[in-house]
Amino acid sequence: MLSAFLYAWRSLWRNRRRTLITLTAIALSIMVVQAFHNLAVGVYARMIDDGVRAGSGHLAVYRGGYLESREENLSFAPGELAARIRTIAGVQRVLPRVYLPALAQSSSDSRGILLIGVDPEAERAVNPFLKKLPEDGMLRDLDGRDAVIGRKLLGDLKLAVGRKLVVTAQHRDGTLHSELLRVRGVVETGIADVDGSLLMVGRERAALLAGMPGEVHELAIILDRAENDRRVSPALAALTGSRPELAAVSWKEAMPNLANAIKLDYASQKFIFIIILMIVTIGVVNTLLMSVMERLREFGVILALGSSPMRLRRMVLLEALLLGLAAALLGSILGALFTWYLVETGIDLKDFIPETMEFGGVVFDPVLRAAWDVSWMARIALYVVGLTLLAALYPAIKAGRITPVEAMRHH
Amino acid sequence: MPLITLADVSKTYRHGSLEVPALANFSLAVEAGEFTVLAGPSGSGKTTVLNLVGGLDRPSAGTVTVGTLEIGGAPAKILADYRLRRVGFIFQSYNLIPVLTAAENAEFTLMLQGVPRPQRRRRVIGLFAELGIDGLEERRPGDLSGGQQQRVAIARALAAEPDVILADEPTANLDSRTAEELLDLMRDLNLRRGVTFLFSSHDDRVIGRARRVVRLEDGRLAGDTGQRP
Numbered sequence: 001m002l003s004a005f006l007y008a009w010r011s012l013w014r015n016r017r018r019t020l021i022t023l024t025a026i027a028l029s030i031m032v033v034q035a036f037h038n039l040a041v042g043v044y045a046r047m048i049d050d051g052v053r054a055g056s057g058h059l060a061v062y063r064g065g066y067l068e069s070r071e072e073n074l075s076f077a078p079g080e081l082a083a084r085i086r087t088i089a090g091v092q093r094v095l096p097r098v099y100l101p102a103l104a105q106s107s108s109d110s111r112g113i114l115l116i117g118v119d120p121e122a123e124r125a126v127n128p129f130l131k132k133l134p135e136d137g138m139l140r141d142l143d144g145r146d147a148v149i150g151r152k153l154l155g156d157l158k159l160a161v162g163r164k165l166v167v168t169a170q171h172r173d174g175t176l177h178s179e180l181l182r183v184r185g186v187v188e189t190g191i192a193d194v195d196g197s198l199l200m201v202g203r204e205r206a207a208l209l210a211g212m213p214g215e216v217h218e219l220a221i222i223l224d225r226a227e228n229d230r231r232v233s234p235a236l237a238a239l240t241g242s243r244p245e246l247a248a249v250s251w252k253e254a255m256p257n258l259a260n261a262i263k264l265d266y267a268s269q270k271f272i273f274i275i276i277l278m279i280v281t282i283g284v285v286n287t288l289l290m291s292v293m294e295r296l297r298e299f300g301v302i303l304a305l306g307s308s309p310m311r312l313r314r315m316v317l318l319e320a321l322l323l324g325l326a327a328a329l330l331g332s333i334l335g336a337l338f339t340w341y342l343v344e345t346g347i348d349l350k351d352f353i354p355e356t357m358e359f360g361g362v363v364f365d366p367v368l369r370a371a372w373d374v375s376w377m378a379r380i381a382l383y384v385v386g387l388t389l390l391a392a393l394y395p396a397i398k399a400g401r402i403t404p405v406e407a408m409r410h411h
Numbered sequence: 412m413p414l415i416t417l418a419d420v421s422k423t424y425r426h427g428s429l430e431v432p433a434l435a436n437f438s439l440a441v442e443a444g445e446f447t448v449l450a451g452p453s454g455s456g457k458t459t460v461l462n463l464v465g466g467l468d469r470p471s472a473g474t475v476t477v478g479t480l481e482i483g484g485a486p487a488k489i490l491a492d493y494r495l496r497r498v499g500f501i502f503q504s505y506n507l508i509p510v511l512t513a514a515e516n517a518e519f520t521l522m523l524q525g526v527p528r529p530q531r532r533r534r535v536i537g538l539f540a541e542l543g544i545d546g547l548e549e550r551r552p553g554d555l556s557g558g559q560q561q562r563v564a565i566a567r568a569l570a571a572e573p574d575v576i577l578a579d580e581p582t583a584n585l586d587s588r589t590a591e592e593l594l595d596l597m598r599d600l601n602l603r604r605g606v607t608f609l610f611s612s613h614d615d616r617v618i619g620r621a622r623r624v625v626r627l628e629d630g631r632l633a634g635d636t637g638q639r640p
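Just so you know, the protein sequences line up as chains F and S, in that order.
According to the working numbering, the stretch in the first sequence is residues 1 to 411, in order.
According to the working numbering, the stretch in the second sequence is residues 412 to 640, in order.
Chain F with its partners taken away, still in its complex shape (with noise of 0.2 Å):
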């Protein structure tokens, strides 16, 4: 039964040919992006996870002050804050940290070094450069002289697994303080910069050595789900509002390098988007003017027959519609068909970059896996189906100013 769908249906189909190439077109760009973005939205969480997991953790808490000085003298006693921390719905972890900056000699040479007193247990369940060390390498306890070396400063040492080093820092009432360790395991992170000066040890042996027992740097807090945190984030807030000398901030914050990194990465991929987009939007507006042209005998009748010329763009903004509609449909298809490979199966770049590969002062993954982002998957595509009615608005004008007279005598 004749509608107007059914007419601009019809219509869209005159030049198959035409309208296949378009459509394709159309899809094949909805494919790429979503696909491409769902991979960057991979990688990033990857990226993300390893380097909170690593670092400061999804969410972090820190005397005021410290995150931008790194001065050592602003740790906190936590007190029961970490227990309470952990009850909070989404809560994995809470890891305390020590960080100070030491100087490292062996028998043989001496390097500056990061100093970072951990708690082995709750730390190795999470650190992903922990977790591989054997049983017999890893820290036993929290005041031991147990110390676990980045693999280059092991080298630069010219130290082993089972030899002593002595550790100096700055003490709490100004002194210089050292204390004797025994290498127990050797970490690679594959970045140079931590593996030529990390140097980790149990958190009170270092609060110790600084003279603040019992006090931390960091409480680093490992969420189940990253995108918890705008749900943590006010719970915790809450839990620290009693200790204003506190801030619980972001890994964002603690870790700009990586969410700059991230940022910047993603701004020149959604450039290259737009620039797809504004292609293919080009190429509809060639595909509907070309369709309008051909046909302005016909539009002409359908004036004088009676339609308004407001009926007219309508229907030619119909047969946009439609068109982004079936692209946006077949596109959304094919770009979830691409996003399930590159999740089941990925992108291997082993043979192209190095597999220690930094970003963001993150290792870089080099299987690229993507995850799946099916709200800004929609999104995508009716900002495409948006765009092929905007590509149709100037045909669409230009069909509703034909005066029937001359369009009729148009072959």
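These are computed hints drawn from the structure, not numbers from a lab.
Note that the Cβ used here is the ideal one computed from N, Cα and C, for glycine as well.
To give an idea of the chain F side of the interface with chain S (calculated C-beta under 8 Å), a few residues:
hint	residue
1	TYR7
2	ARG10
3	ARG14
4	GLU298
5	VAL301
6	GLY306
7	SER307
8	VAL405
Pairwise CB distance ranges, derived in the manner of DEER restraints:
hint	chain 1	residue 1	chain 2	residue 2	range
9	S	ARG616	F	MET293	34 to 40 Å
10	S	ASP595	F	LEU325	45 to 51 Å
11	F	ASN260	S	GLY525	57 to 63 Å
Chain F is fixed; fit chain S onto it per the hints.
Frame of chain F; chain S shown alone:
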């Protein structure tokens, strides 16, 4: 009171700086129910008169009135509505929409009018039977002969039940037999339905069947037989 009145109408077309006069001080009154032919050679102004009466064009001078509507001064929206509800067009080259079936073409103006689907389909099926093209409803224009296409065009013009049907050289692309059949059909519709027909033609078969022949030459009135019995 006549249904159609053209009073001292002139129409001049502009092609760049060139002015081409199509009608000059042309006057005509057509009563409701007439079957009138505008006769004359090519370029005499016949199509211009039809375009003015159909609200597709406006006069450069003078007034064109159909019923109570003065075409020259009516806003575009009113003219579109006038064409939709009060005028039916039959064109020389049929001008059916190729992607629609015969029945859908005939329904087109009814769709524009917003007539509900079952009602318009009923009306079109009735018209197809009346015009002798029943059974061709689902054919596309490309699958129809010239005569069949013109009958579909007549169905489209009649479907909206207009006051007046304007037909511009409706038999020019048809063979003699088909043309005569169609003329008889339109004459019959004129008598039975009382629809006013205003033709343009230089075909003697059309002129011979008209009850009134208005002759034009160089955009001027050259003769008027008046209404014949």
